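From first to last, the protein sequence lines are chains A and B. At position 195 of the first sequence (counting the first as 1) the number is 405 in my numbering, and the numbers step up by one without a gap. At position 38 of the second sequence (counting the first as 1) the number is 248 in my numbering, and the numbers step up by one without a gap.
Possibly wrong hints are sitting among the right ones.
What the hints assert, rightly or not - Among chain B residues calculated to face chain A with C-beta under 7 Å, some are:
1. Val-257
2. Gly-373
3. Ser-400
What the hints assert, rightly or not - Estimated spans, in silico, between C-beta atoms of each pair:
4. A:Lys-412 / B:Lys-412: 46 to 54 Å
5. B:Asp-388 / A:Ser-347: 43 to 51 Å
6. B:Lys-213 / A:Lys-377: 51 to 59 Å
7. B:Lys-304 / A:Lys-413: 52 to 60 Å
8. B:Val-380 / A:Lys-311: 38 to 46 Å
9. B:Glu-312 / A:Lys-413: 35 to 43 Å
10. A:Gly-373 / B:Gln-235: 16 to 24 Å
11. B:Lys-338 / A:Ser-366: 45 to 53 Å
12. A:Lys-413 / B:Ile-248: 25 to 33 Å
Since the hints were derived computationally from the structure, they do not count as laboratory data. Since the model is a prediction, treat every value here as computed from it, not as a measurement. Glycine is no exception: its CB is placed at the ideal position from the N, C-alpha and C atoms.
2 protein chains.
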Amino acid sequence: MKKAKKKVKAAILIIGNEVLSGRTQDLNVSFISNWLNINCGISVAEVRIIPDIEKKIIYNVLELSRKFNYIFTTGGIGPTHDDITALSISKAFKVKYEFNKEAYSILEKYYGKKNFNNGRKKMAKMPKGSSLIYNPSSAAPGFKIKNVLCLPGVPSILKSMIGNLKKYLVKGPVTISDSVNLQTVESYISLELEKLQNEYLKKVDIGSYPFFRLGKVGVSVVLRTSNKIQLKSCLKKLNKIIKNKKIKLFKKS
Amino acid sequence: MKKAKKKVKAAILIIGNEVLSGRTQDLNVSFISNWLNINCGISVAEVRIIPDIEKKIIYNVLELSRKFNYIFTTGGIGPTHDDITALSISKAFKVKYEFNKEAYSILEKYYGKKNFNNGRKKMAKMPKGSSLIYNPSSAAPGFKIKNVLCLPGVPSILKSMIGNLKKYLVKGPVTISDSVNLQTVESYISLELEKLQNEYLKKVDIGSYPFFRLGKVGVSVVLRTSNKIQLKSCLKKLNKIIKNKKIKLFKKS
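If we strip away everything but chain A, and leave its shape as in the complex, we get (with noise of 0.2 Å):
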């Protein structure tokens, strides 16, 4: 992979009204988000769920591919009448929405020409000048054009295809965390974490997260930079601070 020295952004677009209606639960934005971090340098930077409306799909894609270095999308890019990411974003790039050749030839390989249907024929339709993006557990790519790389919305099958990106990719300096669990409430440690965010202002990304487990709340306290010294020289500094006001921790999970 190629690297840049300054950050690289994303932004996910989820299309599909099964998610918007609360019906399926999104599983990709996390699991993107992680791989695109740890693997790439990649922060993902905003995500939006819109639904199978061509114009919406226009919209966003748009504004979205010059808000950031790239965009992932997820669904639409079956077979049936609701699957319109590939027309939709043809349209938006005002170019030809076409068979890939190389798409046609792997499908019709995969079905064999006796059941290549019109269905899965159209999985080989996309926008002229699309590169393709492999899939190895059912045969249909997902496509790149321009900095918009397009994946199917099956969690299972996204992410068989997901090392298949990379080839697409420039990477960013990679974001490392830590983390403590603290047995306490937010409200006890407030004053002391906006100190110390100040004080590591645009070094250290300082998250603070309430939780319960098992019955009791706690807090997490997540450090995040792409600056090793800095992640370290925090922690200490989070370290003292849980040392001077007796907080006791959780376990690791």
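For this one, chain A is given, so just place chain B on it according to the hints.
Here is chain B on its own, set in the frame of chain A:
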């Protein structure tokens, strides 16, 4: 609840670095969306997940509050430095960020005067003119200002508060749905589904979702509408297609 004749549409704005980074799996979108539809006839038409950055919160709150009847925000209303939702929304609407007397008194009573520290007091600060969304589980209220309703990020607390939203909402026509789970693949029925969708255009929304269950592939076909008669008639035709194509059903889960 007052009733609207037209569709009532909402956006959900998830505010939180921890969801964007993939550290925390969002569970609020599907819960809120289902609750709004079943109890209020309100459809969620867009979701955005954004970081804890003031200018991003301001931009998205203003844009979404113009586009939709309601916005529901989650996250960023706790006691720590990274909880900036209330301040940011005050800035968005150019109103004072100040103590809400009722919220102050609720929290003072809950914690006791002695333990009502600055972190906890912060949770009583909100945009001037806000109405409270009561919190039966941990006291700190959410708030409503204009068409923006602000809820906490912790799912269990959010769930305990959701009933208290009703008095602020106008009810739309409730979406009803039905579904069949087929032992087939999407491409086997894509042509027939497309024809059926064209027949029921703007009357019934037909979605097709592939899945894996116990090692078998299947397709959920979901019909959604606010019109019972249309739903029944569309389902009848769908069942005819299934019979003609000799597709077996999965048992309903």
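Results for each hint:
| no. | hint | result |
| --- | --- | --- |
| 1 | Val-257 | 4 Å, holds |
| 2 | Gly-373 | 17 Å, violated |
| 3 | Ser-400 | 3 Å, holds |
| 4 | A:Lys-412 / B:Lys-412: 46 to 54 Å | 50 Å, holds |
| 5 | B:Asp-388 / A:Ser-347: 43 to 51 Å | 30 Å, violated |
| 6 | B:Lys-213 / A:Lys-377: 51 to 59 Å | 54 Å, holds |
| 7 | B:Lys-304 / A:Lys-413: 52 to 60 Å | 32 Å, violated |
| 8 | B:Val-380 / A:Lys-311: 38 to 46 Å | 53 Å, violated |
| 9 | B:Glu-312 / A:Lys-413: 35 to 43 Å | 39 Å, holds |
| 10 | A:Gly-373 / B:Gln-235: 16 to 24 Å | 22 Å, holds |
| 11 | B:Lys-338 / A:Ser-366: 45 to 53 Å | 49 Å, holds |
| 12 | A:Lys-413 / B:Ile-248: 25 to 33 Å | 46 Å, violated |
Hint violations for this structure: numbers 2, 5, 7, 8 and 12, all remaining hints satisfied.
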